[in-house]
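Asks: Quick note: the sequence shown, position 252, residue 252 per full-length UniProt numbering, numbers continuous.
Calculated from the structure, these hints are not laboratory results.
We put the beta carbon where it would ideally sit given N, CA and C, even for glycine.
A portion of the hints provided could be inaccurate.
Here are the simulated DSS-like pairs of lysine-lysine, each with C-alpha atoms no more than 25 angstroms apart in a straight line [unchecked claim]:
| no. | residue 1 | residue 2 |
| --- | --- | --- |
| 1 | Lys128 | Lys156 |
| 2 | Lys302 | Lys412 |
| 3 | Lys55 | Lys128 |
| 4 | Lys55 | Lys412 |
| 5 | Lys128 | Lys332 |
| 6 | Lys117 | Lys306 |
| 7 | Lys117 | Lys128 |
| 8 | Lys302 | Lys332 |
| 9 | Lys360 | Lys412 |
| 10 | Lys360 | Lys55 |
| 11 | Lys332 | Lys306 |
| 12 | Lys55 | Lys302 |
What follows is a list of derived Cβ distance ranges for each label pair [said to hold, decoys possible]:
| no. | residue 1 | residue 2 | range |
| --- | --- | --- | --- |
| 13 | Ser108 | Gly410 | 44 to 54 angstroms |
| 14 | Arg69 | Ala422 | 39 to 49 angstroms |
| 15 | Arg409 | Gln121 | 36 to 46 angstroms |
| 16 | Arg409 | Glu52 | 53 to 63 angstroms |
| 17 | Gly334 | Thr252 | 14 to 24 angstroms |
| 18 | Ala356 | Pro282 | 45 to 55 angstroms |
| 19 | Tyr305 | Arg122 | 48 to 58 angstroms |
| 20 | Asp340 | Arg424 | 45 to 55 angstroms |
| 21 | Lys306 | Glu52 | 30 to 40 angstroms |
| 22 | Gln328 | Glu357 | 34 to 44 angstroms |
| 23 | Pro232 | His109 | 28 to 38 angstroms |
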Amino acid sequence: MDHNAGVEPLISRSLSSDTNGSDTTVIENRVTFFPSLQDSRRSWMLDIVRREEVKTLVDIGCGEGSLIRCVCNSPVYLPPPESIRLSNDYQSLSLPPKDDDQLEVHLSHVAGLDVYKPDLQRCEEFIKPRIGQSDWSQGPTPNDWDFPRWEDLEVKLWHGSLSTVNEEFVGADCITASEVIEHLDDSVLSTFGPVILGEYGPRLLLLTTPNHDFNARFSPPNQTNPRGILDPTRRTDRTFRHYDHKFEWTTTEFYSWCVGMAQTYEYDVEVGGVGRAQQEDPWGRPNSEFGFATQIALFRRKDTYKRVPTSGTNAGDAHNLCAFYHHQAHPKAGNPESFDTIRNLVLNRMSSFYEAEGYKVWDLWVTNPIAVACGGLLSALILTITLSEDLELDRDSGINVRDWQVKFRGEKHEEAIRASEAARLRSQEEYGQESAYQSSIPDLDFPEADFSKPSSPPYEQDVANENYNWTSWSCSQDQEKAQVQDATHWGSFGGLRDWTEWDIPGRWVTEEDLMNL
Numbered sequence: 001m002d003h004n005a006g007v008e009p010l011i012s013r014s015l016s017s018d019t020n021g022s023d024t025t026v027i028e029n030r031v032t033f034f035p036s037l038q039d040s041r042r043s044w045m046l047d048i049v050r051r052e053e054v055k056t057l058v059d060i061g062c063g064e065g066s067l068i069r070c071v072c073n074s075p076v077y078l079p080p081p082e083s084i085r086l087s088n089d090y091q092s093l094s095l096p097p098k099d100d101d102q103l104e105v106h107l108s109h110v111a112g113l114d115v116y117k118p119d120l121q122r123c124e125e126f127i128k129p130r131i132g133q134s135d136w137s138q139g140p141t142p143n144d145w146d147f148p149r150w151e152d153l154e155v156k157l158w159h160g161s162l163s164t165v166n167e168e169f170v171g172a173d174c175i176t177a178s179e180v181i182e183h184l185d186d187s188v189l190s191t192f193g194p195v196i197l198g199e200y201g202p203r204l205l206l207l208t209t210p211n212h213d214f215n216a217r218f219s220p221p222n223q224t225n226p227r228g229i230l231d232p233t234r235r236t237d238r239t240f241r242h243y244d245h246k247f248e249w250t251t252t253e254f255y256s257w258c259v260g261m262a263q264t265y266e267y268d269v270e271v272g273g274v275g276r277a278q279q280e281d282p283w284g285r286p287n288s289e290f291g292f293a294t295q296i297a298l299f300r301r302k303d304t305y306k307r308v309p310t311s312g313t314n315a316g317d318a319h320n321l322c323a324f325y326h327h328q329a330h331p332k333a334g335n336p337e338s339f340d341t342i343r344n345l346v347l348n349r350m351s352s353f354y355e356a357e358g359y360k361v362w363d364l365w366v367t368n369p370i371a372v373a374c375g376g377l378l379s380a381l382i383l384t385i386t387l388s389e390d391l392e393l394d395r396d397s398g399i400n401v402r403d404w405q406v407k408f409r410g411e412k413h414e415e416a417i418r419a420s421e422a423a424r425l426r427s428q429e430e431y432g433q434e435s436a437y438q439s440s441i442p443d444l445d446f447p448e449a450d451f452s453k454p455s456s457p458p459y460e461q462d463v464a465n466e467n468y469n470w471t472s473w474s475c476s477q478d479q480e481k482a483q484v485q486d487a488t489h490w491g492s493f494g495g496l497r498d499w500t501e502w503d504i505p506g507r508w509v510t511e512e513d514l515m516n517l
């Protein structure tokens with residue numbers, strides 16, 4: 001699939017005065033991404049967190065909570081147990097344990113750290129328990145349309161520097177630091193390895209940082225981007241993407257730094273990237289010349305790892321706890337009702353409206369009373385359908401469990417179709433219209449939707465023409481452009497799946513790649 005088809009190169013020309021006061025033309029190549037670089041970075045991290053079954057996560061430099069606000073969302077169901085009790089006996093049910101559609105984030109503890117308190121205050125607004133979920137003993141409010149929360153979750157926000165050791169972070173499953181290291185002064189950067197890997201020793205460390213090699217993509221050959229920021233440290237003659245960046249590493253520099261860190265602290269590391277431009281380069285330069293817009297690294301702790309304590313810090317430097325919230329699980333979580341209770345709820349739901357293709361498992365699950373009766377266990381619903389004499393389950397109707405089709409069995413299937421058709425005809429007769437979904441007031445009738453035309457400008461991220469961090473946003477409903485561009489798959493409810501399974505420009509960097517630079 002050509003994800004760049006139909007996306008034209010964008011070149012802007014501006015005038016600037018040279019030292020003699022005469023005007024000169026500066027050519028600037030506009031580069032856009034879909035999805036945005038922020039979404040690509042976040043989806044890569046979420047994918048690792050899912051596949052690695054992370055339970056405790058610490059986000060260093062969490063900012064306003066781009067990642068934390070996602071992981072605080074409740075999974076739509078619990079992991080499948082080995083057996084389920086729906087009557088007097090325990091029943092076992094074979095479900096794909098790593099089914100792609102059952103991969104959810106199941107965290108018990110989340111922590112965020114940042115040095116900028118206003119960002120933490122904004123982040124706090126996203127981590128508060130939602131109305132109807134703070135106290136499940138009172139039940140959800142009538143206006144609470146969220147899925148029930150099936151697992152307890154503790155969330156803490158800390159104010160302070162990453163150079164200060166926080167004992168609560170020791171032994172975390174996963175630590176993330178997205179677009180952080182390039183903002184660090186040398187004195188703080190030098191403590192990153194000793195504190196994050198030496199002291200905390202997470203099972204996984206996920207890093208992202210800009211790729212300086214990609215910056216050349218914003219300008220013609222042998223020219224620099226006129227909107228770039230000159231290295232504020234004056235150590236190089238490079239131009240950066242953000243005024244606060246202390247450095248931006250090339251692919252080789254980032255790879256060398258990561259390998260050195262991994263060897264020092266007994267970790268394995270994989271280095272790669274996400275983010276390709278939508279447009280072909282106007283000057284014909286290949287993508288391999290620039291690499292990815294964002295560099296990524298996955299550190300994995302070795303069995304030979306030993307904690308390396310650093311020197312202590314002053315009490316005045318200790319992190320300050322800014323926010324602490326406990327998200328309480330629904331009291332029915334993990335405790336399904338009886339077989340008859342779940343079966344009757346399913347039969348009532350399917351009898352209310354029925355078509356020849358029946359219902360998808362997902363259509364039944366999003367009916368909250370069914371999910372609650374199942375105790376958040378999707379496998380309880382599958383088992384009920386499997387054991388029911390009135391229902392049949394088509395496991396071949398979809399790759400994922402959510403897509404499996406549920407129908408009435410035998411004559412009941414035909415009866416339900418006839419009953420639904422009769423109800424539809426009665427509705428038409430009652431309103432005297434061709435469709436029961438039309439309004440009785442002509443002015444309120446809805447026109448036919450035309451999906452062949454975009455309803456808004458293309459979604460794009462312009463990283464070359466914005467004063468703040470080269471980022472701008474606009475939304476799109478253009479169906480053809482809503483394709484996978486980087487390490488991202490957009491599934492139901494924004495589900496982001498395994499980026500390595502897609503024909504997309506996102507992969508790990510090998511030593512051979514570096515030799516060819």
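Asks: Now look at each hint and say whether the structure bears it out.
Replies: Status of the hints after comparison with the structure:
1. Under the criterion of a C-alpha separation no larger than 25 angstroms, the hint pairing Lys128 with Lys156 is consistent with the structure, at around 11 angstroms.
2. In summary, the hint linking Lys302 to Lys412 is not supported, as the alpha carbons are separated by about 58 angstroms, beyond the 25 angstroms threshold.
3. Only pairs whose Cα atoms come within 25 angstroms are accepted, and Lys55 paired with Lys128 is accepted, the gap being roughly 19 angstroms.
4. The hinted pair formed by Lys55 and Lys412 fails the criterion: a straight-line CA distance of about 45 angstroms is larger than 25 angstroms.
5. About 22 angstroms separates the Cα atoms of Lys128 and Lys332, which keeps this hinted pair within 25 angstroms; it holds.
6. At roughly 33 angstroms between alpha-carbon atoms, Lys117 and Lys306 are farther apart than 25 angstroms, so this suggested pair is violated.
7. Taken as a hint, the Lys117 and Lys128 pair is honoured in the structure, with Cα atoms around 17 angstroms apart against an allowance of 25 angstroms.
8. Proposed proximity of Lys302 and Lys332 is contradicted: the alpha carbons are some 39 angstroms apart, above 25 angstroms.
9. Straight-line distance between C-alpha atoms of Lys360 and Lys412 comes to about 18 angstroms, which keeps the hinted pair within the 25 angstroms bound.
10. Distance hint between Lys360 and Lys55 is unfulfilled; the C-alpha atoms sit about 30 angstroms from each other, more than 25 angstroms.
11. Only pairs whose Cα atoms come within 25 angstroms are accepted, and Lys332 paired with Lys306 is rejected, the gap being roughly 41 angstroms.
12. Annotation: proposed proximity of Lys55 to Lys302 holds, straight-line Cα distance about 19 angstroms (limit 25 angstroms).
13. Between Ser108 and Gly410 the CB atoms are about 45 angstroms apart, so this pair conforms to the stated range of 44 to 54 angstroms.
14. Evaluation of the 39 to 49 angstroms hint for Arg69 and Ala422 yields a pass: the beta carbon distance comes to about 47 angstroms.
15. Roughly 56 angstroms separates the CB atoms of Arg409 and Gln121, a value that falls outside the hinted 36 to 46 angstroms.
16. The hinted range of 53 to 63 angstroms is not satisfied by Arg409 and Glu52, whose Cβ atoms lie roughly 41 angstroms apart.
17. Remark: the range hint 14 to 24 angstroms for Gly334 to Thr252 is contradicted by a beta-carbon distance near 50 angstroms.
18. The hint said 45 to 55 angstroms for the Cβ distance between Ala356 and Pro282, and at roughly 53 angstroms that hint holds.
19. The supplied range of 48 to 58 angstroms is broken by Tyr305 and Arg122, whose beta-carbon atoms lie about 35 angstroms from each other.
20. For the pair Asp340 and Arg424, the beta carbons lie near 30 angstroms from each other, so the given range of 45 to 55 angstroms is not met.
21. Roughly 22 angstroms separates the CB atoms of Lys306 and Glu52, a value that falls outside the hinted 30 to 40 angstroms.
22. At roughly 38 angstroms, the beta carbons of Gln328 and Glu357 sit within the given window of 34 to 44 angstroms.
23. Roughly 37 angstroms separates the CB atoms of Pro232 and His109, a value that falls within the hinted 28 to 38 angstroms.
The structure fails hints 2, 4, 6, 8, 10, 11, 15, 16, 17, 19, 20, 21 (numbered hints given earlier, in ascending order).
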